[in-house]
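J.: Using the hints, put the two standalone chains together into the complex.
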Amino acid sequence: MVDITSGLIAIGAGIAIGFAGLGSGIGQGIASSAAAGATAENEKLLAKMLVFAALPETQAIYGFVIAIILLFVFGA
Amino acid sequence: MIFPPPLVKVHILGKNNAKKEIIQKLHTAGLVHITPAPIEKQLRRDTSMPGVEVISNALLKLKYIATQTNTKIDKEIHALDEPHSAIRDANTFIKKYFPEIERLTKERETLERKRKQLLSRIKVVQEIPHIQKKAQKTTVLYVSKKPISVSMKKAKVETIKKNNMYYVRVELPPEYEEALDNAIRDSPLRKIAIDYITDNNTQTIKDFKTEESNIQKQIIQTLQQQQDLISPQRSKLKHLITTLENHYDIYTITNSCSRTNNLFLLTGYCEEKDVQTLAQTIPDITITVERAQEDAPTKLENNAFTNKFQPITELFSTPKYNSVDPTFTVSLFFPLFFGIMLGDIGYALLILLTLIPLKIYGVARETRRIILYSGLSAGLFGWVFGSFFGNLIPIKPLYMNSFDATISLLIISLAIGLIHINIALVLQILQGIRKKQVGAYVRKTLPIYTIQLMGGAYALGELAIGHFLLAATIGILIYNQGIFGIMNITGYVGTWFSYARILALSLATAGVALAVNTLAQKAGIFMALVLIIGHLFNLIVSTIGCGINAARLHYVEFFTLFFEGGGEPFKPFKRKNYVEVKQLWSTSPADSSQ
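Here the protein sequences line up with chains F and E, keeping their order.
In case it helps, my numbering puts the first sequence at residues 204 to 279.
In case it helps, my numbering puts the second sequence at residues 8 to 601.
Keep in mind the hints are simulated off the structure, nothing from the lab.
Keep in mind the model is a prediction, meaning the values are calculated, not measured.
Just so you know, nobody snuck in bad clues.
In silico DSSO-like cross-links for lysine-lysine, where the CA-CA straight-line distance does not exceed 30 Å:
no., chain 1, residue 1, chain 2, residue 2
1, F, Lys247, E, Lys581
2, E, Lys327, E, Lys16
3, F, Lys247, E, Lys79
4, E, Lys578, E, Lys443
5, E, Lys366, F, Lys251
6, E, Lys451, F, Lys247
The following residues of chain F were derived to be distant from chain E, with all beta-carbon distances above 10 Å:
no., residue
7, Thr208
8, Gly210
9, Gly217
10, Ala219
11, Gly221
12, Ser236
C-beta: ideal position from N, C-alpha, C; glycine also.
The shape of chain E in the complex, shown without the other chains (with noise of 0.2 Å):
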């Protein structure tokens, strides 16, 4: 859809008594984008619902259990028990389990840490190997990021340069030891401990050795104890800590209310189309329906194919509401873009593949989706083009070599980037009378019309025509925008010459793939090699190059000529990771039975 579709402002009214039942309702309804209600006359803030410390308490111990034992929530379809149920079984489970987890974890941090101070001490005794211990002398040990010079009558004072660290030795009587920490105080020195250090650093450092390796084995042990009491319960954890922030948002969404003694008021927003659902789901509400204004949310619908670019879209920014939804266009232009620059059959085969370790990794769905229909696009561009790792494997070409159609190109190029730009006029004249304003609309991109009837003109060799068109453009944009409104003129001849870049980006992938199976050639029993890596390399740069420069072209040339961002994304007060409700809402109070 080129607009998002059109929102009402809702105003739910109800009783605070039913509150739970309506607002459990509303998030199994997942229709309406909650916003702050109005604070006004004898309406006050409202508060969380009565209850949610005991969620919020259960759910970060279920998360820290999650954490400790690297349990990931996703997307399951998780039955939405009841409140007090979800939480007697939250609390059974904490009784259970957290203690031992909270036991092992705390048991492998010091093990940790007890691992870092045993690296550490190996280090400075290998960096350091002839720091020992003297008798009847004191020996301190001091670092320094920045060069020292340290110098006292009473002590033998070393300093060690390793690996861009200042190591400094000072051997001392012990007396003097305190006078020494008190003058280096404000120095950037830093002591080190060394009480480990004995006459034998070659024997510390296989014992330091021997003790972190069996700390190490102790770690794993703890990280597997962990794992072994979490493994068989897993699913379970998954499914208390979906249930429990379900509730959590259900009990918190209050704090968006606002209320009197016996009332609630609930604000947001939703589709015209379902407030009749809402009435009719929740009978104990009164609903009263207002225009949404300008900052209103913006409700993304697009189709099957195109909703895989909204990403590109919402990377810019999400459209201002009643504004130009671009996601229909950039699902047809970005692969184009993205085909033509890279245009080779063997490299958008590699692209395709690398799409089953995407599979595999979990990429989301939409980055898959982008990939796939532009590594589609690259190939019949490569076709058109004849370009099978540029010349190495020959295929007769559907049009002709890139290299032979340069200056075709050149205009192809030129003339889908004036397509482009009027595609952006024509969006943006739809939004002047989306919104009403068609004058407003129409004198902004007037200037962009007129300049390129001026270059037909020229180019017919109507002069005077073209002479007229170039003086009425200028007084346009001295109109719009004052006198430095005339730099424009250059502006949108740039943002036309850009899509120029779609010939540079199909020469420079075809011209590296030229020069590689050159060198190949050349490279005798080392062909295969200089064919892998030289194409792996131009495959990464090209693909790098070709992505940046097809949202490039969308970012900088298309959206700036109409796109309305800054726009706050729909998002509806629903279920989160698919849960689906088993039981009803209980209508006994669930704080109650904590």
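Same shape as in the complex, but just chain F (with noise of 0.2 Å):
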């Protein structure tokens, strides 16, 4: 049985990653078809274009590691 302390560590856990990453995917998926359209145009743009569509990434990183605080520092 898990005890109710555990259980909001996992659905907070759970909310940090999953916003993050939905915030993030959205991001990244705007500043993709951009850059896959820059690309086809100049394909001497592609790492230019990589960096542009990675940028929103990091937000999911933040959620990532506040997921991983709380179940491995508090819910320890």
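T.: Here's what the structure looks like:
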């Protein structure tokens, strides 16, 4: 039987990574579609467009770090 | 090398009557990156050397033969014959083979057009099977991508939808056909010729298919004839193309020169040590040297290990002249990041195995080396984490399983990030020293140092020092970039936190592998199938993800702290495809003999 604290920590971790991933995914989708268009016109822009497409990913990492801390530090 | 070698701008002045010999010697030396020479006072832009049109014409025809016979110009050692001899050989070759190759190509193109027409006719008859020739009536067929309605008093109209296309079949007396054509001129309908329609469509399709098959055989025959004709001469063809390409470069490089009636001026960049070599090799020239400015090209010089990672740097941008070339750090950190993120012995072995087909298919050596080092690193970290296709083959980890060491791995990832960021800051300061602008470059990097110290002070509980450093950071940022500069604090922290993705990717790879193994245990007789498909899927997805994220950590987090891109790559005027000189340049004018 899981106690209520562990349950709440798991829910918190889920919310942290879930919403961060959702926001990051939406941002990355917008940036990537524009980057794909730009790369189609000029393939030399590939690396720079990769950077733009990857930028919103950092927000998901914030959520991931919070989730890890919640699970392994507070949940330990 | 952290900094690309310094270059000098050279102005080479020579006599017009010795231009060919001088340029040939420069081409052989291969030391100078040529840029357009200045046009001022009595100097005017030079043109291509006389005779270039003969080379160009021959080259065009030879390349046509090469394209039609699928001849690839690979890197081979070719002797560079003198131009008039090369042109003579080329013309003999062209005279002998070009007309036949051209005739066979035209024949093939006609056959291909005919085949395409037949295929489209087969498609129409198959899709509209009830189109038949009728006595006293004309049947006209139109096609449209959009649904369209056609009605005509004197005609019978039928619309048929097939494969997202709308066919409109109109049956009408012959005298109304022109009126119908005029009426639909501006509509999306396109008329299809159906004069081949008979009253027996099954037989028509059969006949068309037989004809199409015969044409296909004839196409193959023409291709084979071309191959048979050129195969014994392929080496000669490659040699002629390579030789003429080199002569074409020599004849056209003068477009970048400027000239007077008697003299020509060629401007370019080379290493300072090469100026002496140039002066000794080409005694008939006067060389003036000046210091290269910011717009000079960048010559990247890395050792045998690090230069394999040069494409990763160049994919982002060539460093600006006199700026840091980060290839050395990329060669260390790219395999490290990739290795920790993938971290599995089984996947590493499979990656190393892919090197065999990659070599067979002629993938660039640099790419193969990047894959080799990254694969080895993944294998090493697989041993560290005790992962061999996840937990499929149990091995004793050198450190500990990534699931048991999550927090330790997070700390290690962030520590690596801190080291990486600080290397970027050191490179930035070195760049400042090199450009003699230490103050400006230190001011740029100072807030990142104070933020790190602030973090350290807060972590140690030294709140007063922490508050002071926070205030100092804000002050520097406002001084550097104005009030909105304060927002950079979160940006810098974000850059550091971004290195947590090393842990994230590592856990993702291990997690999916674990899931595949768990599924396989419950799959009964399909165990092997689940294992193969699951691990292949994880290998492909994780390899792409780890590669992109290892590159991203460089491009977004590392390069943005110091890298000054937008440089022009150093491309010396030199021989193409390993050409070696067999005969010396003839002093007799090549063009006059043509």
